[in-house]
Amino acid sequence: MTRIPQPPALTFLATLSADVGEPIDAGITPEGHRRIVPITGGTVSGPTLPRARVAGRC
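Numbering (our numbering), first residue to last: 1 to 58.
Simulated from the structure, these hints should not be mistaken for laboratory data. Hints are not guaranteed to be accurate.
Computed Cβ-Cβ distance ranges for the label pairs, DEER-style [unchecked claim]:
| id | residue 1 | residue 2 | range |
| --- | --- | --- | --- |
| 1 | Gln6 | Gly27 | 45 to 55 angstroms |
| 2 | Leu13 | Pro38 | 36 to 46 angstroms |
| 3 | Leu13 | Gly41 | 15 to 25 angstroms |
| 4 | Val44 | Ile24 | 21 to 31 angstroms |
| 5 | Ile24 | Met1 | 51 to 61 angstroms |
| 6 | Thr15 | Val37 | 13 to 23 angstroms |
| 7 | Thr11 | Thr43 | 35 to 45 angstroms |
| 8 | Met1 | Glu22 | 46 to 56 angstroms |
| 9 | Thr48 | Ile28 | 41 to 51 angstroms |
In this text the structure is predicted, and so the values were computed from the model without any measurement. Every residue gets a Cβ at the ideal spot worked out from N, C-alpha and C, and that includes glycine.
Sequences and hints are given; from them, build the entire structure.
Written out as structure tokens, the structure reads:
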């Protein structure tokens, strides 16, 4: 008989919110069609994290 493992206990860490710019089409690559989406800002907040603003080169 195969035992089904119990799922791990999970604890909420944070909520992430990202502001994004217009997609940049990088074209076809050996791995497929690629697009780059710049992250222009956003926030991270959670019960044990201070609210932080994310900006710059992400």
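Checked hints:
Taking 45 to 55 angstroms as the suggested C-beta distance range, the pair Gln6 and Gly27 conforms, at roughly 46 angstroms. A C-beta distance of roughly 25 angstroms is found between Leu13 and Pro38, which places it outside the suggested range of 36 to 46 angstroms. A beta carbon spacing of about 20 angstroms between Leu13 and Gly41 agrees with the range 15 to 25 angstroms that was offered as a hint. For Val44 paired with Ile24, a C-beta distance near 24 angstroms keeps the hint of 21 to 31 angstroms intact.
The supplied range of 51 to 61 angstroms is met by Ile24 and Met1, whose beta-carbon atoms lie about 53 angstroms from each other. For Thr15 and Val37, the hinted distance range of 13 to 23 angstroms is satisfied, since their beta carbons lie about 20 angstroms from each other. Judged by the Cβ atoms, the range 35 to 45 angstroms given for Thr11 and Thr43 is violated: they are separated by roughly 20 angstroms. Taken as a hint, the range 46 to 56 angstroms holds for the pair Met1 and Glu22, whose Cβ atoms sit roughly 55 angstroms apart.
Taking 41 to 51 angstroms as the suggested C-beta distance range, the pair Thr48 and Ile28 conforms, at roughly 43 angstroms.
Hint violations for this structure: numbers 2 and 7, all remaining hints satisfied.
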